[in-house]
Amino acid sequence: METNFKSPTGKIAYSVFAWIVGLAIFFPILWMALTSFKSEIDAVNMPPLFFDFNWTLENYTGILEQSNYFKFAMNSIILSFGSTIIGLVFAVTCAWAMAFNPTKRTKDTLLWMLSTKMMPPVGVLVPIYLMFRDWGLLDSRFGLIMVLFLMNLPIMVWMLYTYFKEIPKDILEAARMDGATLPKEIFFVLLPMAVPGIASTMLLNIILAWNEAFWTLNLTTSDAAPLTAFIASYSSPEGLFWAKLSAASTLAVAPILVVGWFSQKQLVRGLTFGAVK
Amino acid sequence: MSTRASTLAGHVMSAPSIIALFLWMIVPLGMTIYFSFLRYNLLSPGMEEWIGFVNYKFFLTDHAFFASLANTLILVGSVLVITVIGGILIGLMLDQAIFGRGILRILVISPFFIMPTVNALVWKNLLMNPVSGFFAWISMSLGFQPIDWFTQAPLTAIIIMVAWQWLPFATLILLTALQSLDRDQKEAAQMDGAGPIAIFFYITLPHLSRAITVVILIETIFLLTVFAEIFVTTGGGPGLATTNIAFLVYTQALLQYDVGGASAGGIVAVILANIVAIFLVRLIGKNLDA
Chain A
1 METNFKSPTG
11 KIAYSVFAWI
21 VGLAIFFPIL
31 WMALTSFKSE
41 IDAVNMPPLF
51 FDFNWTLENY
61 TGILEQSNYF
71 KFAMNSIILS
81 FGSTIIGLVF
91 AVTCAWAMAF
101 NPTKRTKDTL
111 LWMLSTKMMP
121 PVGVLVPIYL
131 MFRDWGLLDS
141 RFGLIMVLFL
151 MNLPIMVWML
161 YTYFKEIPKD
171 ILEAARMDGA
181 TLPKEIFFVL
191 LPMAVPGIAS
201 TMLLNIILAW
211 NEAFWTLNLT
221 TSDAAPLTAF
231 IASYSSPEGL
241 FWAKLSAAST
251 LAVAPILVVG
261 WFSQKQLVRG
271 LTFGAVK
Chain B
1 MSTRASTLAG
11 HVMSAPSIIA
21 LFLWMIVPLG
31 MTIYFSFLRY
41 NLLSPGMEEW
51 IGFVNYKFFL
61 TDHAFFASLA
71 NTLILVGSVL
81 VITVIGGILI
91 GLMLDQAIFG
101 RGILRILVIS
111 PFFIMPTVNA
121 LVWKNLLMNP
131 VSGFFAWISM
141 SLGFQPIDWF
151 TQAPLTAIII
161 MVAWQWLPFA
171 TLILLTALQS
181 LDRDQKEAAQ
191 MDGAGPIAIF
201 FYITLPHLSR
211 AITVVILIET
221 IFLLTVFAEI
231 FVTTGGGPGL
241 ATTNIAFLVY
251 TQALLQYDVG
261 GASAGGIVAV
271 ILANIVAIFL
281 VRLIGKNLDA
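As given, the protein sequences belong to chains A and B, one line each in that order.
According to my numbering, the first sequence holds residues 1 to 277 in order.
According to my numbering, the second sequence holds residues 1 to 290 in order.
Derived by calculation from the structure, the hints in this document are not laboratory data.
Glycine residues also receive a C-beta, built at the ideal position from the N, C-alpha and C atoms.
Some clues are possibly wrong.
One side only, chain A facing chain B, incomplete, derived with CB under 8 Å [unchecked claim]:
| hint | residue |
| --- | --- |
| 1 | W19 |
| 2 | I29 |
| 3 | N68 |
| 4 | P120 |
| 5 | V126 |
Here chain B is said to cover these stretches of chain A; the calculated rule only asks that three of the stretch's residues, wherever they fall, bring their Cβ under 8 Å from a Cβ of chain B [as the list claims (entries may be wrong)]:
| hint | region |
| --- | --- |
| 6 | 83-93 |
| 7 | 100-107 |
| 8 | 153-160 |
| 9 | 213-219 |
| 10 | 245-257 |
| 11 | 262-273 |
Same shape as in the complex, but just chain A (with noise of 0.2 Å):
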């Protein structure tokens, strides 16, 4: 439903007014990056300074520096990828089931797994606590990735199953007529069709695993810590360290950023789980 406009004046007043309020909204990170490239005493300089300051990126070359840095990023990049192929394997079986041989069951058992993604983790922070301590799970890779993989799995698998659907059951039946076998039918026939959808879901999944800060701010202290922690450790009050805390940040959002971008539309499908269309 979009309105023409029947001035061009009136189409430049209102696009301006637009995009004040659309740079009013993404100021924050607009002055986030830019402090990024101040110095300590020009990024809490008052009146701010916006671009007439002497730019430097001795923020950045800092904590590249910082051998622990890459670390952080490092785990941000095993848990959310480890997490999203692990989840893809167990989401792909499972909608495949839930979209080509469905039961009377499967559409309950469908509601039944969005459910669990509405229970309040902290209604489950003491027991997986206390599995992770006596199991020596806690600050451990491995452990966080099941985390991440079973908090995002009914997502991945509700969007697999949304886009299986609309590929025509025919298909799969030619090939299994055919002869082919059911890894062969899922591999060779399922996945090329499915391609732009498991491309979707995995994105989404990175990004929520990425930026995902309850269970590893509780889970983590140090070997297993992302860039969500590592972020966070800025908020000791000693020292004012704005200029490093926006670079860090920076360099922590950007390439989510960039996949969000890039999945804007999924995103609709993937958190509203079909109900939006």
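Since the structure of chain A is already known, use the hints to place chain B on it.
Here is chain B on its own, set in the frame of chain A:
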């Protein structure tokens, strides 16, 4: 085509995910329920004993519970109002044929992809700092005293940063719903002499009602458990001013080691979330043609 073989294959293939989720949610939840009836403190191991509903009695009559319940409801309610109204307005704005709409949409949805710890620290230190923050500068330029957000209005500060994070979500979903609105209907109303306000209230808003419901339900579920933003900025304080239920349970479990009390609190949080989840699951179920 529901042969016995294919049904069997379906069961075998979906079983791993179902079992994994069962172990992940139902088993720990059962343990939480069990712990909630025990006197169980990590500082005095081996002293666990069954005490019935005592933990619930303590949790539900503690003034910290009422404070955090109130904070939770204020936080959820305020963020919902801001994001739904803001989302409708910005959705309508982005639905017009304006210059650079694609780029503008990317700018508007970006906050959703910012990790909560970055969001909280950037707002706290770069924008809301009373001495050198950007908002302090705006206040002073306009001749006002800068607001010391985290002392004078800590909960408002949390509400603002959480709302900023969720505004894009509401906008994106409402925009998607707006784009599916039938244009002919609007044109017919225009020809009948309906003004833009009448069109909004009689055509656009009813069309959006479903999407608005979905936004409210999904946001509520996530907002009930806001944690990281509080963890890195206020630590629940000053006093209990920014402690919500999720944060209260965290402090009882991992700071006071009171497993029994924290478990009772966790179950209360689960019940609150389930009240919302029931409606959401029904709504999604109706829309699902499985």
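* Asked: Against which earlier hints does the structure fall short, listed by number upward?
  -> 3
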